[in-house]
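S.K.: As a plain string of letters, each chain reads:
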Amino acid sequence: MNPIVVITLAVLATTVRVFGLIGLSILTGWLLGYLAVKDRVFENTYVSVIEVLESVPVISFFPVVLIFFVEKIGGPVGVELAADFLVFTAVVWNIWMGIYQAFKTLPNEILEVSQNYKLGFLERMRNIYIPFSLPRISANLFPSAADGFFYITVSEVISVGTTSYSTFGIGSVLQSFTASNQLNYVFYAMLIMGVVIVGVTLGLREFANYTVSKYALDTDTPITRRGRPRLRYTVRFSALLSRSAIQRLSSYTRRQILGSIRLRRGQAEEARHVVGGRRWSLVTKLVGIVILGLLVWGITVTLISVPTKTWMHDFANTPNIVVNMAYDYLRVGIITLVSLAITVTLGYLLAVNHKAERVGVPLIQVLFAYPAPLYFPLLFAYTLPGARSVFGPLTSEFYVILLGFISTFYYVFFSFWMGVKSIPHEYWEVMRNMGMGFTQKMRYIILPGTFPYIIAGISSTINSAWGGLMLAEYWPGIYDSHTLTVRHGLMKLLDVSTAGGDLALAAWASLIFGVVVAAYSILFTRRMLDLSRKRYVVEEGIYAA
Amino acid sequence: MSSNQKILEAVDISYTFQNGFTVFDGVSLDVYESELVAIVGPSGVGKSTLLRILGGFIQPHRGEVRLLGRRITSPTPEIALIHQSIVTFPWMTALENVMLSLKPKKVPRDEAKKVARKMLEIVGLTGFEDLYPKEMSGGMRQRVAIARALAADPVVLLMDEPFSHLDELTAEGLRQEIYQILFSVNYLKAVVLVSHNLNEVIELADKIFVLNGSPARVVKLIHVDLERPRNPKDERFAEYLDMLYNFLTPVQKHVVQR
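Sequence lines, in order, name chains A and B.
Take the position in the first sequence, starting the count at 1, then add 65; the result is the number in this note's numbering.
Take the position in the second sequence, starting the count at 1, then add 1071; the result is the number in this note's numbering.
Since the hints were made in silico from the structure, they are not lab data.
One should not assume that every hint holds.
[As the list claims (entries may be wrong)] Facing chain B, a subset of chain A residues (Cβ under 10 Å, in silico):
id, residue
1, Pro-172
2, Glu-177
3, Ala-244
4, Gly-264
5, Gly-268
6, Leu-443
7, Ala-446
8, Tyr-492
9, Val-495
10, Met-496
11, Asn-498
12, Met-501
13, Gln-505
14, Tyr-509
15, Glu-604
16, Glu-605
[What the hints assert, rightly or not] List of simulated lysine-lysine pairs, DSS-like, C-alpha gap at most 25 Å:
id, chain 1, residue 1, chain 2, residue 2
17, A, Lys-506, B, Lys-1174
18, B, Lys-1174, B, Lys-1189
19, A, Lys-374, A, Lys-506
20, A, Lys-374, A, Lys-420
21, B, Lys-1184, B, Lys-1174
22, A, Lys-599, B, Lys-1205
23, B, Lys-1278, B, Lys-1077
24, B, Lys-1278, B, Lys-1291
25, B, Lys-1184, A, Lys-506
26, B, Lys-1205, A, Lys-506
27, B, Lys-1077, B, Lys-1291
28, B, Lys-1291, A, Lys-506
29, A, Lys-506, B, Lys-1176
30, A, Lys-506, B, Lys-1185
Quick caveat: nothing in here was measured; it's all calculated off a predicted structure.
Just so it is clear, CB atoms sit at the ideal spot from N, CA and C, and this is done for glycine as well.
Same shape as in the complex, but just chain B:
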C-alpha cells in the first residue's frame, strides 16, 4: 500500500535518561506514504520514549527526526499523538473535545462544529456528540481522542498502545475499524503504532520495527505482506507471529544485528 514518498524519518536516534541509562542507541526508521508502521519490543526498551521523540515531545541526545524532509524539534499538530491512557477533557462534551484541536487554528465556530461532527461520524460516534466523557465507555472515549487528533489535520498519527486500556472485545472491534478510519481522511499520510500486543501489530501494520537489547537497537524490520482484512487463524499470520516471537524472546542484553 506504500508509495515512494518518505513521510517521517528518524536518523541514528539515541536517548539517555537522567540517571545515565542509555535506553536505545543508533535507532533509525522511516515511514512512507500510506504506511501503518509498528514499533515492538520488550517492556522497558523505550518504545513510548521513541514515539515521543518522533513527535518532537522529547529531544534525542543524538540523531534527528524529519517530517517531509523538515527537521522536527518541537511538537506540532502535523504529528498527532494518541495516548495509551485515554485522554479526554471531562468538562467538555464529545463535540467540544474534538473542536478543541481546531482552536489554535482559529477556525470559525460554525466551521469547527462542522469539522468536529464529521470527525465524530468517521469514528462512529454520530448521535453521541453531546455526551460528556464520563457518560461514555472506554472505547467511545478513545474514539473521541482519535477524532480530536484527526480534526487537527495531521500528516502523521502516533499511537501509543491505543487499545491497551480497553477490554478485549472493545479493543478487537476498534482494531478492525481503525485502519479504515485512519486512512479515510486524505490528509493523513502515515501512522506509527507502538504496541506490545503482537497479534494487534500483525493485524494492523505494513511493516514492523523490532527493538531489542540494552541499549536497544532495531534488530529486525519485518514487512507484513498479508491481504486485509487479516485473519489471525491464517497460517501465514501465525508464521509472522512466530517470527516476531523469535526476535523478541529471550529479551536480549546484548544486541546481535540480524
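Okay, chain A solo, but in the shape it has when bound:
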C-alpha cells in the first residue's frame, strides 16, 4: 500500500482510538455520575476511587496492563486492549469527575421542575443532566485528548523481553519508518499528524465555546445560532468556567439542605419519590459493592499467584526502588519549578495582553496536544551536538527533564492562566489605582489570588511529568544507534525491568510508587487545596449583596 495512505489511515486509527475512548469515558461518566448523586454510599466509593486513581500516574498502570491483557488475553486483541486501557486511564478521571461535579451542582430549582413534570430517568438525562454536564465535559476534553494522544503513541508498540507487540496506529507506523531509516515518511507522518492536531485543537475550542454559550448557567456569552467559528470568545468562557467552578463547588451544602427540606414534606407524591429513591439506593449500593469486590478480588488473585521466591527478589530490590524514586522526584521538582517560573511570567503576560493571548494560547494548546513521542527523536537528533557542548555529562539529564517539561508544562500554565483570568476586574482597578509594579502585583495579589489554581496545576504537572520521564529515562534507538538513558530513575527501572521481562519487579515498583503518590496526594496536595479554598478565594474578596 502507498505509504502516504498507510500514514493517513494510521493517524485516523489513532485519532479514532483516542476519541472512541473519550466517548466511552463520557457515556460511563453519565451513568456512574447519575448513580453517584442518587446514592451516598456509591458516591463515597466512586469519588474516593477516582481521587486515588487520578493521583496515581497513568504510567504506573503499565505493568498491570501488560500482565493482564498481553499475557492473559494475548494476540492482536490483547495488544489492542492493552493500548486502549492505558489511554482510557489517561482520559477518564478528568471526565468522570467533571460530570460528577456537574450533576452534583445542578441547581435545585431545575431538579424541582423535573420532579414537578414527573420526568423519567431517560427524560431527565436527555433534557437536564446531560446538557448541564456538557460545559464541564468540554472543558476537560482538551487535556484528555492531549493526554490520550501522548499515551496512545507510546503504547501502540509494547516490548516485553525479546517480544515486541504492536497495534496499528501512527505510533507503530512511525516506529517502523524510523527503524528502516525512511526519514521522508517520518516527516510526512508528522505533518499529517500536525494537521489533525491543529484541527482537533480548534474543533475542541469551538465545541467548548458552543457548549458554554448554550448550556452553562449565568453565562454572558451569546448563544451561537450560526456556525461561524468565534475563537476569540474562548478566553471569556475559560474565565467563566474557572470562576463558576468554585461557585458551583461551594453550592454543595445548599443543595443538600434544600434536598432535606424537600423530603420533610410528607405528601403522597413525595413518599412515592422516596420509595423510588430506595430502589435506586439498593441498585447503586449493589454496583458500588461489585466494583469494590472486583478490585479486592483482582488484588488478592495477583498477590496469591506470585511465588515466594519472586516476593523475596522484589523485597530485596525495595531500597534500590526507593533511591531511584528519590532521583525521579528530584527531576519532577526541577520540572515543576521551571514550569512555574515560565508560567507566572508567560501566563501573566498572555492573560493581560489580549492580542498576544489570541495567538499565544491556541499555539501553546496545539504544541501541547502534538504528541511529543513523535517529534522528540528528531529534536534530539538535531540538538544533540549543541546540547552536549552546553551540558556535557548532564546532556541525558537535560533531555529527560526537557521531555518531562514538554509533557507537563501545559497543566500548570493553563491552570495559572485561568486563575489570572478569573481575578475580578475590581482587583485590576485597585492595582492600577495604587500604581503597583509587577513584583508587588505578583506578591500581594496575583499569586495569592491564583493560589488554588496554582496548586491544582502543580498537582496535575507532577502527575503528568512521570509519562515524559517514563519515555525519556530509557529510550533505546531514539535516533540512529543512540539510546537516551540515565543512571538512576524509577521510570528507567520500570522500563528496563519490563523490557527485560521482569514484570514482577516492575509491578512491585509500581505498587510502591502508587502508594507514595497516593500518600503524597492525601497528605500534601489535598491539604494545600483545602488551605487555598479556605483562604485564597478571590471571589470572596468581592462583597456584592
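Given the coordinates of chain A, assemble chain B onto it according to the supplied hints.
M.R.: Quick look at chain B alone, frame taken from chain A:
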C-alpha cells in the same frame, strides 16, 4: 463649603462603546476644593463609565480630565476609586488590606502600620485590625476599603455607589458618618459620588450633575444649599428631591438642555 481652587475638571467628554453606542457626549464638569459632588442619572446612562474616565481607568474618545490642572491619562493614587462591589483581599487582615496601598510608596513597615491603624481609627474600626474580611460585615468591609483608599493620600476620592450593596440600616449609618470621615483627612480635597439613590445624593452632595438622554449629557447642575446634618423630613430636602425627579423622569431619549 467650597473654595475657589478647581481640583478636578472634565472637559467635553465623549465615550462610545465597542459596539458603536455613544453613551454620553460633550459632558463637562468641575469639582472645587472641599466639595462632595454627585453624578446622578437613569440606569445605563454611563455614570460608572464617567467615573472611571475621571479616574483615568478608561480613556475618553473625546475631551480630557485634569487634576489640579494636569491632564490625567492613566490611573493614579491621587485619585482613589471606591467600588460598588466592596473590594477587599480575603488573604489579608483589615490592617494588611489598608497597608497594601502604602506598598507602592515603599513606606517603612512600622510607619505603614501606624498610618493604617490611624485610617482604621478614622473609619471606626479600631479593635478590628486583625480580622479577615470574611469575619466582617459588609459595612465593615466597605470601611476597610475606604480606609485603604484614604491611606494612599488621595487628592480626590471617587465613589461608585458605595452603599448599594449594604442593607438600609448599615448604609444609613455609614452615610451619616461618611462626610465627616472623608474630610477629616486634610490631604483629601474633593469627593465625586455616583449614585442612583436620590435621598443619598441630597443628603451628601454639595452639587449634583444630572445626566440624561441618549447619548447622555449634563441636563442640570443643582447646588444643594442645605445645612448639615441634613434631614430628609425637611421641607427643602423634599423640594430638592422633587427637582431631581423632574430632571430624571421620564428617561429622556433626546436631550433638551434646561
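S.K.: Now look at each hint and say whether the structure bears it out.
M.R.: Status of the hints after comparison with the structure:
| no. | hint | in the structure |
| --- | --- | --- |
| 1 | Pro-172 | 23 Å, violated |
| 2 | Glu-177 | 29 Å, violated |
| 3 | Ala-244 | 56 Å, violated |
| 4 | Gly-264 | 31 Å, violated |
| 5 | Gly-268 | 28 Å, violated |
| 6 | Leu-443 | 45 Å, violated |
| 7 | Ala-446 | 48 Å, violated |
| 8 | Tyr-492 | 7 Å, holds |
| 9 | Val-495 | 6 Å, holds |
| 10 | Met-496 | 9 Å, holds |
| 11 | Asn-498 | 5 Å, holds |
| 12 | Met-501 | 5 Å, holds |
| 13 | Gln-505 | 5 Å, holds |
| 14 | Tyr-509 | 6 Å, holds |
| 15 | Glu-604 | 9 Å, holds |
| 16 | Glu-605 | 4 Å, holds |
| 17 | Lys-506(A) x Lys-1174(B) | 10 Å, holds |
| 18 | Lys-1174(B) x Lys-1189(B) | 16 Å, holds |
| 19 | Lys-374(A) x Lys-506(A) | 60 Å, violated |
| 20 | Lys-374(A) x Lys-420(A) | 64 Å, violated |
| 21 | Lys-1184(B) x Lys-1174(B) | 11 Å, holds |
| 22 | Lys-599(A) x Lys-1205(B) | 10 Å, holds |
| 23 | Lys-1278(B) x Lys-1077(B) | 14 Å, holds |
| 24 | Lys-1278(B) x Lys-1291(B) | 10 Å, holds |
| 25 | Lys-1184(B) x Lys-506(A) | 20 Å, holds |
| 26 | Lys-1205(B) x Lys-506(A) | 22 Å, holds |
| 27 | Lys-1077(B) x Lys-1291(B) | 20 Å, holds |
| 28 | Lys-1291(B) x Lys-506(A) | 41 Å, violated |
| 29 | Lys-506(A) x Lys-1176(B) | 14 Å, holds |
| 30 | Lys-506(A) x Lys-1185(B) | 23 Å, holds |
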